[in-house]
Amino acid sequence: MTLIHFLVLGAFLFATGVYGVLARRNAVIVLMSIELMLNAVNLNLVAFARYLRPGEVVGQIFAIFVITVAAAEVGLALAIIIRLYRNRASVSVDELDLMKW
Amino acid sequence: MSGVDILFFLLAAACFGGGLGVVMSKDVVHSALFLLLSLIAVAGLFLLAFAEFLALVQVLIYGGAVTLLLLFALMLTRMRDFPGRLDNPQRPLSLIVAVAVLLFLLATVIITPWVSPSGELGEGVGLAALAQPLFTNWVVPFEVASLVLLVALIGALIIARGGDRER
Numbered sequence: 127m128t129l130i131h132f133l134v135l136g137a138f139l140f141a142t143g144v145y146g147v148l149a150r151r152n153a154v155i156v157l158m159s160i161e162l163m164l165n166a167v168n169l170n171l172v173a174f175a176r177y178l179r180p181g182e183v184v185g186q187i188f189a190i191f192v193i194t195v196a197a198a199e200v201g202l203a204l205a206i207i208i209r210l211y212r213n214r215a216s217v218s219v220d221e222l223d224l225m226k227w
Numbered sequence: 013m014s015g016v017d018i019l020f021f022l023l024a025a026a027c028f029g030g031g032l033g034v035v036m037s038k039d040v041v042h043s044a045l046f047l048l049l050s051l052i053a054v055a056g057l058f059l060l061a062f063a064e065f066l067a068l069v070q071v072l073i074y075g076g077a078v079t080l081l082l083l084f085a086l087m088l089t090r091m092r093d094f095p096g097r098l099d100n101p102q103r104p105l106s107l108i109v110a111v112a113v114l115l116f117l118l119a120t121v122i123i124t125p126w127v128s129p130s131g132e133l134g135e136g137v138g139l140a141a142l143a144q145p146l147f148t149n150w151v152v153p154f155e156v157a158s159l160v161l162l163v164a165l166i167g168a169l170i171i172a173r174g175g176d177r178e179r
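Protein chains in written order, with the numbering used here: chain A, 127 to 227; chain B, 13 to 179.
Hints may be right or wrong, so weigh each one.
[What the hints assert, rightly or not] Between beta-carbon pairs, the in silico distance windows are:
(1) B:Leu59 - A:Val219: 27 to 37 Å
(2) A:Glu221 - B:Asn149: 40 to 50 Å
(3) A:Leu224 - B:Leu139: 45 to 55 Å
(4) B:Trp126 - A:Leu224: 39 to 49 Å
(5) B:Glu155 - A:Asp220: 37 to 47 Å
These are calculated hints, taken from the structure and not from any lab test.
Using N, Cα and C, we set each Cβ at its ideal position, and we do this for glycine too.
So that you can see chain A by itself, here it is in the shape it has in the complex:
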């Protein structure tokens, strides 16, 4: 178990999230994929903190801020999705083309 292991896992998790964001149709699942990507980043930050700067906690503090912003993002995004569903009766990202020209 070294730094490389964590980074490779983070890369795989991030790529999975990218695929989910691009390929899924349901806006809630797109949001879940974004959460996967944020978790990959957190994993990397914690691994850096552990293996490159063992005595310091800056990596963990960054991860705390990422989690905070992710929580705010989930709350807001779900509010928007629920509102969209009420207005358009759909959460499919393909049908939400209101701002597309």
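Add chain B to chain A, keeping to what the hints say.
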């Protein structure tokens, strides 16, 4: 291969498998549950990296709050979901993009010369050593983060309730 290594690979498999489940499964609720699996596995990996506080926060916020919120949102926005319609027509293209991102990240990880400090890594820094800089050096970002949460809370409430005209 030591026990810790085996634990790491188990958790990594659960984590990546859960991630694959999120993007592959045919049912949106299954996706949410796979996400829960993946997030809890990440909490376990945090423990292996001696980030105890983050593991706790991960279980509380992601395992508890975020998954619950997502399940509620799925419940409230019940799509007429028939199988096969969960994916976009651009699925092959997104597979290519995801593999490209993966290869790029892996290449970066392998090429970069990581300079680990020599000697033993020790037992982690502990909770007190984490709290000390968080409330001294990082207190301004910390307070800004709390403000962000407050604004997001109020904003979410206003957006979800609807404007004045529709009340």
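Looking back at the numbered hints, which does the structure fail to meet, lowest number first?
Violated hints: none at all, because every hint is consistent with the structure.
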